[in-house]
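The listed protein sequences derive, respectively, from chains A and B. Quick note: the first sequence uses the working numbering, first residue 8, plus one each step. Quick note: the second sequence uses the working numbering, first residue 12, plus one each step.
These are computed hints drawn from the structure, not numbers from a lab. Quick reminder that beta carbons are idealized off the backbone N, C-alpha and C, glycines included. Where hints are given, some of them may not hold.
[Unchecked claim] Below are the DSBU-like pairs computed for lysine-lysine, each with C-alpha atoms no more than 30 Å apart in a straight line:
| hint | chain 1 | residue 1 | chain 2 | residue 2 |
| --- | --- | --- | --- | --- |
| 1 | A | Lys66 | A | Lys229 |
| 2 | A | Lys228 | A | Lys90 |
| 3 | B | Lys95 | B | Lys43 |
| 4 | A | Lys127 | B | Lys147 |
| 5 | B | Lys121 | A | Lys57 |
| 6 | B | Lys95 | A | Lys229 |
| 7 | B | Lys128 | A | Lys140 |
| 8 | B | Lys260 | A | Lys127 |
[As the list claims (entries may be wrong)] Coverage of chain A stretches by chain B, computed from C-beta distances (three or more under 8 Å per stretch; other residues unrestricted):
| hint | region |
| --- | --- |
| 9 | 161–171 |
| 10 | 176–184 |
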Amino acid sequence: MQDLGIRVLFLGNNFARLLQGLWITIRISLIAVALSIVFGVLLGILMTVKNPVIKAMTKIYLEFIRIMPQLVLLFLVFFGLTKSYGINLSGETSAIIVFTLWGTAEMGDLVRGALISIPKHQYESGAAIGLTKWQVYRYVIIPQILTRLVPLAINLTTRMIKTTSLVALIGVVEVLKVAQQIIEANRYTVPDSALWIYGTIFFLYFFACWPISLVAKRLEKKWKTT
Amino acid sequence: MAEQQVILEARNITKDYGGGRVLDGVSLQVHKGEVIVLIGPSGCGKSTFLRCMNGLEQIQSGQILLDGEVITEGKTDWTKVRQKIGMVFQSYELFPHMSVIDNLVLGPVKVQGRDKKEVTKEAEKLLERVGLLDKKDAFPRQLSGGQKQRVAIVRALILKPEILLFDEVTAALDPEMVREVLDVILELAADGYTMLIVTHEMQFAKAVADKIVFIDGGKVVESGIPEKFFTQPETDRARRFLNTFIYAKGGEKA
Chain A
8 MQDLGIRVLF
18 LGNNFARLLQ
28 GLWITIRISL
38 IAVALSIVFG
48 VLLGILMTVK
58 NPVIKAMTKI
68 YLEFIRIMPQ
78 LVLLFLVFFG
88 LTKSYGINLS
98 GETSAIIVFT
108 LWGTAEMGDL
118 VRGALISIPK
128 HQYESGAAIG
138 LTKWQVYRYV
148 IIPQILTRLV
158 PLAINLTTRM
168 IKTTSLVALI
178 GVVEVLKVAQ
188 QIIEANRYTV
198 PDSALWIYGT
208 IFFLYFFACW
218 PISLVAKRLE
228 KKWKTT
Chain B
12 MAEQQVILEA
22 RNITKDYGGG
32 RVLDGVSLQV
42 HKGEVIVLIG
52 PSGCGKSTFL
62 RCMNGLEQIQ
72 SGQILLDGEV
82 ITEGKTDWTK
92 VRQKIGMVFQ
102 SYELFPHMSV
112 IDNLVLGPVK
122 VQGRDKKEVT
132 KEAEKLLERV
142 GLLDKKDAFP
152 RQLSGGQKQR
162 VAIVRALILK
172 PEILLFDEVT
182 AALDPEMVRE
192 VLDVILELAA
202 DGYTMLIVTH
212 EMQFAKAVAD
222 KIVFIDGGKV
232 VESGIPEKFF
242 TQPETDRARR
252 FLNTFIYAKG
262 GEKA
């Protein structure tokens with residue numbers, strides 16, 4: 008029993024460090040999702056505008072973000088900005104920027120889809136009672152699309168939480184990086200710690216994402232009937 | 012009626028849509044307290060005409076005047092104009108995420124900046140008038156089509172418009188619900204509201220209208236008082252149109 012790798016977890020404050028790493032992961036995701044929702048709604052509205060220049064620009068943005076692997080974007084922001092412009096961003100800030108760019112693109116497309124699914128007459132009946140264009144969005148259209156968007160936004164959050172494992176590569180000490188550090192530190196004394204630590208991480212990710220997707224499912228069900 | 016002041020006027024307006032001319036030089040004056048019913052075959056342009064009148068569609072030429080002022084040229088504040096021109100749609104278009112009372116209060120509070128309490132009271136009074144006070148906290152999805160349309164009428168009324176536009180407001184309703192909506196409109200007519208109505212309900216048109224305007228092919232073909240129009244139409248086109256509503260045994264047209 009003495010050699011069981013699991014004891015590594017309880018050496019020093021290893022477990023607390025893992026949780027701290029997890030918190031960084033979740034924090035990056037939550038901030039990025041919150042920003043993505045705000046910018047995504049704006050982008051989605053922009054994408055429904057008939058102006059061809061705006062249409063082309065949003066399309067290019069969307070395709071660019073979708074085609075680029077997130078890791079390349081992370082390197083581009085973290086190393087690229089520093090090298091070419093001398094802007095020194097912390098790893099976490101770079102991560103939030105990249106994930107916001109990504110989330111905005113995803114949300115924007117979802118918002119666009121939701122917006123065009125609202126019948127044209129809803130815009131017109133809003134206008135017919137004298138609301139300005141902005142008020143029509145604010146009071147009539149956006150409240151209607153939010154109920155459709157929340158489950159999708161939550162979905163995006165879980166995907167982001169999983170993808171944040173990439174930020175270890177730009178030096179952010181998130182849960183996976185902590186795990187590697189622990190494994191490295193104990194590689195001679197507890198050679199099989201990798202299985203145990205990564206196994207723990209598996210469950211940490213699981214327990215971070217599972218409740219979130221449960222909420223998403225519940226909300227979807229609840230709003231479907233209304 | 013002629014001495015009454017003109018509220019809404021169309022002067023020779025044209026409207027192109029998808030390469031075709033939908034309205035071809037339509038002129039019309041609506042006087043205060045007057046109820047004008049536009050009738051005509053489907054696709055004749057009568058709904059488009061109504062939509063042009065409150066700026067939901069742009070016109071290509073001609074002028075629209077509200078209270079003697081041109082609203083189709085220069086910088087028109089359409090949010091102001093639309094408070095004076097209420098509109099009710101065929102598909103009700105209540106806001107599905109709001110209760111009935113919130114649907115009614117939104118315009119007066121957000122657009123006209125009126126006090127929410129006072130508006131709520133007024134909304135309740137109007138709901139009572141159309142027999143729907145008990146539904147004030149219901150959501151649109153819990154209402155029947157006829158009930159939704161009555162709420163939609165109240166939503167237009169509560170802004171205290173000078174004129175009301177009705178765009179085939181019973182076309183999407185089951186026959187037994189048509190009556191409850193038309194009764195509300197008849198009452199409004201009796202109260203002296205100025206209205207411009209597009210409908211396919213000929214009996215209703217006869218009962219409610221001060222003047223019938225028959226439109227076909229984007230033009231006003233004939234107009235006149237209902238008593239005359241429905242019994243002795245002047246034009247062949249109007250006669251043929253009216254005949255399509257008359258049935259005789261064996262499919263023979265009267």
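(message) Lys127/A and Lys147/B were given as a pair; does the straight-line alpha-carbon distance stay at or below 30 Å?
(response) Holds, at about 26 Å.
(request) Verify the proposed pairing of Lys228/A with Lys90/A, using a straight-line Cα cut of 30 Å. (result) violated (49 Å)
(message) Hint check: Lys95/B vs Lys43/B, CA-CA at most 30 Å. Holds or violated?
(response) Within the cut-off at roughly 13 Å; holds.
(message) Closer than 8 Å Cβ to Cβ for three or more residues is the test here. Does the region 176–184 of chain A pass it with chain B?
(response) violated (count 0)
(message) Between the region 161–171 of chain A and chain B, are there enough contacts, at least three residues with CB-CB distance under 8 Å, for the coverage claim to hold?
(response) violated (count 0)
(message) With the threshold set at 30 Å, check whether the alpha-carbon distance from Lys66/A to Lys229/A stays at or below it.
(response) Since the Cα atoms of Lys66/A and Lys229/A sit roughly 33 Å apart, the hinted pair is violated (cutoff 30 Å).
(message) Check the hint pairing Lys121/B with Lys57/A against an upper bound of 30 Å on the C-alpha distance.
(response) This hinted pair holds, its Cα atoms lying about 27 Å apart.
(message) For Lys95/B and Lys229/A, compute the direct alpha-carbon distance and say whether it is at most 30 Å.
(response) violated (40 Å)
(request) Sort out whether Lys127/A lies within 30 Å of Lys260/B, counting only the CA atoms. (result) violated (43 Å)
(message) Tell me if the straight-line CA distance from Lys128/B to Lys140/A falls inside 30 Å.
(response) holds (25 Å)
Hints 1, 2, 6, 8, 9 and 10 from the list above are not met by this structure, while the remaining hints are.
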